[in-house]
Amino acid sequence: MKEIDRFHAAVNDSRATALNIHRAGRKTIGYLCSYAPEEIIHAAGFHPMRLFSSKHEIILAENHLQSYCCSLVRGILEDSLAGRLDFLDGTVFPHTCDSMQRLSDIWRMNGKYRFFVDLVLPAKLNTKSAAIYMEKVLARFKEDLEAASGKKITDTDLSDAIVLCNRIRKHLFFVYEWNFRHPGVIRGADLYALVKGAMIMDKKEAADLLAGVVSSLEQSAPPAGKAKRLILSGSVCDTPDIFDAVEKAGGAIVGDDLCTGRRWFDGLVAEDAPPLSGIAQRYGNRMTCPAKHAGLTARADTLVSLVREHKADGVAFLLLKFCDPHAFDYPYLKQALDKQGIKSMAFEMDDQQSSHGQFSTRMETFIHML
Amino acid sequence: MSEKPVDKTKIRSAKKMRDLMTTYYLDALSAQQNNKQVAWITSGGPVEPLVAMDIIPVYPENHGAMIGSAKMGEDLCGKAEDMGYSSDLCSYARTDIACSVVKGGPIGGLPKPDMLICCNNICGTVLKWYEVQARFYNVPLFILDTPVCHTGYSPEIAEYVRTQVDEYIVFLENMTKRKLDHDKMTQVGKLSFEAQHLWQKVLNTTAHKPSPMSAFDAFFFLALIVTLRGTRTVVDFYKELIAEMEQRITEGISVVPNEKYRLLWDNLPVWYQLKWLSSKFSQHNACLVADTYTSAWCGAIKYIDENNFLDSIGQAYTRIYLNIGVDQMAQEVLDMIRFYDVNGLVMHSNRSCKPYSFGQMDIMNIVRKKTGIPVLMIEADMVDPRSFSQSQVENRIDAFMEIIKQREK
Ligand code: SF4
Ligand code: SF4
Ligand code: SF4
Numbered sequence: 001m002k003e004i005d006r007f008h009a010a011v012n013d014s015r016a017t018a019l020n021i022h023r024a025g026r027k028t029i030g031y032l033c034s035y036a037p038e039e040i041i042h043a044a045g046f047h048p049m050r051l052f053s054s055k056h057e058i059i060l061a062e063n064h065l066q067s068y069c070c071s072l073v074r075g076i077l078e079d080s081l082a083g084r085l086d087f088l089d090g091t092v093f094p095h096t097c098d099s100m101q102r103l104s105d106i107w108r109m110n111g112k113y114r115f116f117v118d119l120v121l122p123a124k125l126n127t128k129s130a131a132i133y134m135e136k137v138l139a140r141f142k143e144d145l146e147a148a149s150g151k152k153i154t155d156t157d158l159s160d161a162i163v164l165c166n167r168i169r170k171h172l173f174f175v176y177e178w179n180f181r182h183p184g185v186i187r188g189a190d191l192y193a194l195v196k197g198a199m200i201m202d203k204k205e206a207a208d209l210l211a212g213v214v215s216s217l218e219q220s221a222p223p224a225g226k227a228k229r230l231i232l233s234g235s236v237c238d239t240p241d242i243f244d245a246v247e248k249a250g251g252a253i254v255g256d257d258l259c260t261g262r263r264w265f266d267g268l269v270a271e272d273a274p275p276l277s278g279i280a281q282r283y284g285n286r287m288t289c290p291a292k293h294a295g296l297t298a299r300a301d302t303l304v305s306l307v308r309e310h311k312a313d314g315v316a317f318l319l320l321k322f323c324d325p326h327a328f329d330y331p332y333l334k335q336a337l338d339k340q341g342i343k344s345m346a347f348e349m350d351d352q353q354s355s356h357g358q359f360s361t362r363m364e365t366f367i368h369m370l
Numbered sequence: 371m372s373e374k375p376v377d378k379t380k381i382r383s384a385k386k387m388r389d390l391m392t393t394y395y396l397d398a399l400s401a402q403q404n405n406k407q408v409a410w411i412t413s414g415g416p417v418e419p420l421v422a423m424d425i426i427p428v429y430p431e432n433h434g435a436m437i438g439s440a441k442m443g444e445d446l447c448g449k450a451e452d453m454g455y456s457s458d459l460c461s462y463a464r465t466d467i468a469c470s471v472v473k474g475g476p477i478g479g480l481p482k483p484d485m486l487i488c489c490n491n492i493c494g495t496v497l498k499w500y501e502v503q504a505r506f507y508n509v510p511l512f513i514l515d516t517p518v519c520h521t522g523y524s525p526e527i528a529e530y531v532r533t534q535v536d537e538y539i540v541f542l543e544n545m546t547k548r549k550l551d552h553d554k555m556t557q558v559g560k561l562s563f564e565a566q567h568l569w570q571k572v573l574n575t576t577a578h579k580p581s582p583m584s585a586f587d588a589f590f591f592l593a594l595i596v597t598l599r600g601t602r603t604v605v606d607f608y609k610e611l612i613a614e615m616e617q618r619i620t621e622g623i624s625v626v627p628n629e630k631y632r633l634l635w636d637n638l639p640v641w642y643q644l645k646w647l648s649s650k651f652s653q654h655n656a657c658l659v660a661d662t663y664t665s666a667w668c669g670a671i672k673y674i675d676e677n678n679f680l681d682s683i684g685q686a687y688t689r690i691y692l693n694i695g696v697d698q699m700a701q702e703v704l705d706m707i708r709f710y711d712v713n714g715l716v717m718h719s720n721r722s723c724k725p726y727s728f729g730q731m732d733i734m735n736i737v738r739k740k741t742g743i744p745v746l747m748i749e750a751d752m753v754d755p756r757s758f759s760q761s762q763v764e765n766r767i768d769a770f771m772e773i774i775k776q777r778e779k
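Chains U and Y, in that order, give the protein sequences. No gaps in the numbering here: position 326 of the first sequence is 326 in the numbering used here, and each next residue is one more. Position in the second sequence (from 1) plus 370 gives the number in the numbering used here.
Errors might be hidden in some of the hints.
[To be verified] In silico DSSO-like links for lysine-lysine, alpha-carbon gap of 27 Å or less:
id, chain 1, residue 1, chain 2, residue 2
1, Y, K449, U, K321
2, Y, K549, U, K334
3, U, K112, U, K27
4, Y, K406, Y, K473
5, Y, K547, U, K339
6, U, K112, Y, K549
7, U, K334, Y, K473
8, Y, K609, Y, K380
9, U, K128, Y, K547
10, U, K339, Y, K449
11, U, K343, Y, K449
12, Y, K449, Y, K645
13, U, K112, Y, K740
14, U, K128, Y, K549
15, U, K339, Y, K473
16, Y, K380, U, K334
Derived by calculation from the structure, the hints in this document are not laboratory data. Computed from a predicted structure; not experimentally measured.
Looking at chain U on its own, in the form it has when it is part of the complex:
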């Protein structure tokens, strides 16, 4: 599939990607969490791009964030301070965890980009007042973007953006479904490049390319191999080596609840609802991030049914070091899986390359247990 190369290229050089998009007339607004309403950013005429750490050595960020802060937050700040994100026209910080909350302050105080917004979303997603508040916050965000771009965002702009983003979601959903029916049809590293690439490249280009991926996939359906079927659970995983290591150890990834995976594209925005309500409702309905509250067992229920539906043999928890929301959920998620007789293992992740050898060894052990 030749399309995949384009996704890898976008992932490997977000700067070049942004510059190209800029040339075609869209300035880039970076965002830091999967709760950023890309639809509104796109409708305002900007290009929404998810930011990741480029994993350079932490030097400048040492003067702002202590070592016990997650590598994602430290890494992105390092990139910004080092000027590697100078292609950005602005950034938006949806409220998530404590570390991100403070990164937002530090970012704002060191103000480097023209546009800056804190999107202080509710932490609760399961009450009526929270839903009302969420919609109001989105409406205010829309106004902020209008002020930045100097043009009104119409409902048609929003609907178009929603349809476009939904297209990406539907295609990715198909790819995931196909992959779980035919594990191995696509390499893990490619699968996640599709998701991550779609967060980085131009939305329309991503949607069109994904349509191509879908039709090529439909033509290939390899027989099921003997690989052990794994679900990945956690926050951000953007270390492609991990996927290779899983496959080398005899595993196949058949699903996830990752923020760099299914959580990002899970659920569609209702196209017949008022646009902002539709966007707000999707956040309430899709896979929840542990930094949000959608009920006491919401995440465990989702994970268990994911395992069942995808006929998985086990769950690998990918826990980023110093990531509190996920670390708090791990014991109860594991317990929920244990109760159902589902095997799991936790892997603590870091940006340090040195730990990859250890990851492979432990992954092999885990897969042998299944």
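Once you have looked at the hints, place chain Y with the ligands on chain U.
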């Protein structure tokens, strides 16, 4: 009254405070026998409606502080880690979660809650922590979601929080099967308001040179405003405490003999090293006269309207010290530096508390630039002693004090 009249530097009210806290915990522990309901609540949460509804509020964070002071933190943190909780998580949460299971700690665990009240104005950690406890005890959880005010308080936030205050009352009415007595609520609100004023006054006494008490004393006397805010007890006690402080000022009694240097402390206390730290600074004739932590329980008083308590607490509870932007926090630090006229700032970089610690380095730079006073940052954790190296901290304090002495010559 004092048992050892020779030691004039000892604060007499400490004994009464201890007795009050003992009575409070005994009451809480025997709640069930007395047919009273117990609510666990986060330290930044609105306790006044609980008091008004005769529900006993219990603070896991205060319990965490007790565990830390009793030097039982390491053991309980270890137990939480055995349960699968990462050692990088807040040690209040870790010790509390472990304590619920093993019934350990200095008082054999807290009384079982009938309900949990979580206000996320201090951090996102409490949300996760209370979810864990709601599953463990299988009791209802009320979340008061107070969006962070990075740069200000928006009308959307005001409306959202105000609605939740009503939802909170309904929740409590459902839990107790009783209606809120609004007159009582007003009375409790006034008492809470008065207590916060008095607490501010207690803290203000340390602006006097030499200071009659230190931040270490404030850490101790804090428990009352945290746990019993809204009752007459707190008001009466703080009045006595203020009187004692004023008397000390008149008599020229300082807590640090020969106070020469005055310091400001940032972040939570290092509970298991209070004695050592206090004597370490005393040796240098330095007094920690104030801190950013204990003042958080009166910092938002400007938003409270005592005659319209329920309408105003939304803002008061949302705009507390930790729930604002780092630049505003820096401003408050600068104000304190001026008000207490300090010679240096000591920052506790606290591995447990990310919202308090991230941003500290920016505050440090602002303070250095705007005031020129020396700033020391020490790495520790408020309850888990494994992240504290005494010899290293000692060297750093000595070096820091040398710089201050040079500057103040
Ligand atoms: S893990 Fe949660 S908080 Fe973190 S970026 Fe993803 S969705 Fe946002
Ligand atoms: S949710 Fe976790 S991974 Fe994401 S920014 Fe927060 S601490 Fe880092
Ligand atoms: S110490 Fe910090 S992280 Fe822990 S409960 Fe308190 S505010 Fe939250």
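Hints, verified against the model:
| no. | hint | in the structure |
| --- | --- | --- |
| 1 | K449/Y x K321/U | 20 Å, holds |
| 2 | K549/Y x K334/U | 41 Å, violated |
| 3 | K112/U x K27/U | 15 Å, holds |
| 4 | K406/Y x K473/Y | 21 Å, holds |
| 5 | K547/Y x K339/U | 35 Å, violated |
| 6 | K112/U x K549/Y | 53 Å, violated |
| 7 | K334/U x K473/Y | 23 Å, holds |
| 8 | K609/Y x K380/Y | 18 Å, holds |
| 9 | K128/U x K547/Y | 23 Å, holds |
| 10 | K339/U x K449/Y | 22 Å, holds |
| 11 | K343/U x K449/Y | 23 Å, holds |
| 12 | K449/Y x K645/Y | 26 Å, holds |
| 13 | K112/U x K740/Y | 22 Å, holds |
| 14 | K128/U x K549/Y | 23 Å, holds |
| 15 | K339/U x K473/Y | 24 Å, holds |
| 16 | K380/Y x K334/U | 51 Å, violated |
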